[in-house]
Amino acid sequence: MRVVGLRLAPGQNIPEHRNAIPVALIVTEGRLHFDDGASQGEVGAGEMLLINPGERHAYRADVDTSAFLVYAGLPGVRSRQWSLRRRAETS
Numbered sequence: 018m019r020v021v022g023l024r025l026a027p028g029q030n031i032p033e034h035r036n037a038i039p040v041a042l043i044v045t046e047g048r049l050h051f052d053d054g055a056s057q058g059e060v061g062a063g064e065m066l067l068i069n070p071g072e073r074h075a076y077r078a079d080v081d082t083s084a085f086l087v088y089a090g091l092p093g094v095r096s097r098q099w100s101l102r103r104r105a106e107t108s
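Take the sequence shown: its letter number 4 is residue 21 in the working numbering, and every next letter is one higher.
Rather than coming from a laboratory, the hints here were simulated on the basis of the structure. Do not rely on the hints blindly, as some may be mistaken.
[Stated by the list, open to error] Computed beta-carbon distance windows for the label pairs: (1) N30 to A55: 12 to 20 Å; (2) V80 to A37: 27 to 35 Å; (3) P27 to G71: 25 to 33 Å; (4) M65 to H34: 29 to 37 Å; (5) G22 to A75: 14 to 22 Å; (6) D79 to M18: 28 to 36 Å; (7) G22 to L67: 27 to 35 Å; (8) I31 to A89: 15 to 23 Å; (9) S56 to D79: 13 to 21 Å.
All values derive from a computational prediction rather than experimental measurement. Here a beta-carbon is modelled for each residue, glycine too, at the ideal position from N, C-alpha and C.
Start from the sequences and build out the full structure, keeping to the hints where you can.
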């Protein structure tokens, strides 16, 4: 696992790209607009965006924004898709 800090000033963007491994983008301040080619949205402070290997995506900031990128795997090692499963409730 690798964690990288990201800071974007208003108007800065990260052009469209792909990653070979799963990435969790966790916004800690501000907000990021994202575009994955199929949908667009916004991730604000305290929210997380999960990006599967091979998915195209781009980011843009309209305000000062800080985030952490958590790379959850190793290049060249086959990765599984992210899945958010709810735990079964026990009585």
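Here is how each hint holds up against the structure:
Our hint of 12 to 20 Å for N30 and A55 holds, since their Cβ atoms are close to 18 Å apart. The hinted range of 27 to 35 Å is satisfied by V80 and A37, whose Cβ atoms lie roughly 30 Å apart. Judged by the Cβ atoms, the range 25 to 33 Å given for P27 and G71 holds: they are separated by roughly 30 Å. For the pair M65 and H34, the beta carbons lie near 19 Å from each other, so the given range of 29 to 37 Å is not met.
Against the hinted window of 14 to 22 Å, the Cβ-Cβ separation of G22 and A75 comes to about 19 Å, which satisfies the hint. A C-beta distance of roughly 30 Å is found between D79 and M18, which places it inside the suggested range of 28 to 36 Å. Evaluation of the 27 to 35 Å hint for G22 and L67 yields a failure: the beta carbon distance comes to about 18 Å. Taking the beta carbon of each, I31 and A89 are about 19 Å apart, inside 15 to 23 Å as hinted.
Distance hint check: the CB atoms of S56 and D79 are about 18 Å apart, consistent with the given range 13 to 21 Å.
Checked against the numbered hints above, the structure breaks hints 4, 7 and satisfies the rest.
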